[in-house]
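Participant: The residues making up each chain are set out below.
Number of protein chains: 2
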Amino acid sequence: MIPVLDVKAGLEAENEIYAEEVHRFCKDRGLFLINLMGSPGAGKTSLLTEILDHLGADHSFGVLEADVDSDVDARTVAAHGAKVVQLHTNGSCHMDARMTLEGLKALEPDLPQIVILENVGNLVCPAEFDVGANLKLMILSVPEGDDKPLKYPLMFTVSECLVISKMDTAPIFDFDVDRCLSHVRALGNQMPCFPLSVKTGEGSDEFLAWLKEVVA
Amino acid sequence: MIPVLDVKAGLEAENEIYAEEVHRFCKDRGLFLINLMGSPGAGKTSLLTEILDHLGADHSFGVLEADVDSDVDARTVAAHGAKVVQLHTNGSCHMDARMTLEGLKALEPDLPQIVILENVGNLVCPAEFDVGANLKLMILSVPEGDDKPLKYPLMFTVSECLVISKMDTAPIFDFDVDRCLSHVRALGNQMPCFPLSVKTGEGSDEFLAWLKEVVA
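Going down the list, the sequences are from chains V and S.
Here the first sequence stands for residues 308 to 523, where the numbers follow this note's numbering.
Here the second sequence stands for residues 308 to 523, where the numbers follow this note's numbering.
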């Protein structure tokens with residue numbers, strides 16, 4: 308008998324164990340962890356700095372900046388007052404729970420109350436890896452198109468809040484929020500949805516008020 | 308001694324063998340294969356139909372539509388006169404050479420002269436897998452931002468032609484083609500770059516004329 312090793316299942320099982328550990332780490336320390344996901348250029352960093360600027364007075368923030376390479380976003384985020392750890396995934400297309408735990412530990416000993424993990428820009432792989440976060444927050448940007456839930460169903464299935472960004476460009480890109488949401492609902496996901504524009508400020512208040520409640 | 312298996316290296320070595328087979332398959336049949344890559348919503352399908360509409364009179368076309376799920380793009384493309392094979396990657400975030408070979412064989416016996424593989428929308432993983440194509444064509448859309456070569460360097464390193472799409476929105480998104488290109492050149496890539504807008508037609512002629520030469 309030649310032993311057969313199902314490597315992917317192995318990796319996933321390992322990830323689940325680490326996700327449970329991340330979950331315990333956060334619970335024990337009263338830390339709220341947000342897993343922020345979206346395509347390259349969807350506006351993850353802009354939303355992140357918007358959150359820091361508006362909730363930073365009431366809460367201390369940490370940010371785990373996952374990037375295949377570079378520290379462009381980490382520098383931007385640090386300028387908005389958060390404690391930042393740059394995580395280079397060395398080519399990996401997503402963050403997993405083990406990497407997240409490493410990042411959280413790098414924020415010790417003065418742990419912030421809320422940590423936002425800015426995942427790698429990708430609508431596929433990050434959806435497959437539960438990092439043990441309290442909130443899976445995803446951004447879809449208007450220029451990507453309102454049909455994306457049809458093409459990247461897992462991301463729109465596992466997420467717990469949908470921000471639709473760059474709403475000021477909706478007329479240019481013929482983006483229909485209702486059409487987009489009907490695709491999301493067809494996947495059985497009833498998550499709240501916040502269409503907004505960081506540029507014009509439209510819709511930001513509603514999202515920030517909601518988030519304030521969630522992290523309280 | 309416990310044997311250690313480097314699974315990723317194994318997969319990559321296997322992919323190289325299949326890529327060589329794809330290359331031979333295309334060469335033997337005089338077929339030109341284009342690997343079209345870019346983020347979700349970058350405009351891959353729009354560029355593809357633009358190519359079909361303008362080069363379709365002189366060449367027969369086939370399209371391999373890689374999608375995690377759904378057949379939205381396949382139906383769009385079929386309406387533009389290409390022979391289409393829908394490839395469901397079942398959650399995989401990229402096409403590899405073995406899957407590409409399967410797709411090409413599904414186009415037989417009446418093979419077209421040019422086959423375009425529309426890869427999964429993703430700036431990370433598809434860059435790691437050589438599918439044996441004659442041309443690696445990538446799209447970056449203006450709304451994604453001109454800093455993307457800094458954050459997804461492998462894609463901008465391996466690609467052989469860069470199309471910058473949705474140029475009509477450059478003023479809105481403060482996208483600077485020269486700044487973007489300087490990042491690309493810093494990676495040591497001298498590939499041609501075509502800023503264009505399928506919507507306004509700006510820049511399309513230059514790209515299509517270039518492509519006509521390449522596939523001739």
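Since the hints were derived computationally from the structure, they do not count as laboratory data.
Among the hints, a few may not be true.
Given that identical chains are not distinguished, each listed pair holds provided it fits within a single copy or across any two copies.
Cross-link-like lysine to aspartate or glutamate pairs, in silico, EDC-like; alpha carbons within 20 angstroms at most [said to hold, decoys possible]:
#1 Lys-412 - Glu-321
#2 Lys-412 - Glu-327
#3 Lys-506 - Asp-454
#4 Lys-412 - Asp-481
Participant: Which of the stated hints cannot be reconciled with the structure, identified by number in ascending sequence?
Facilitator: 4
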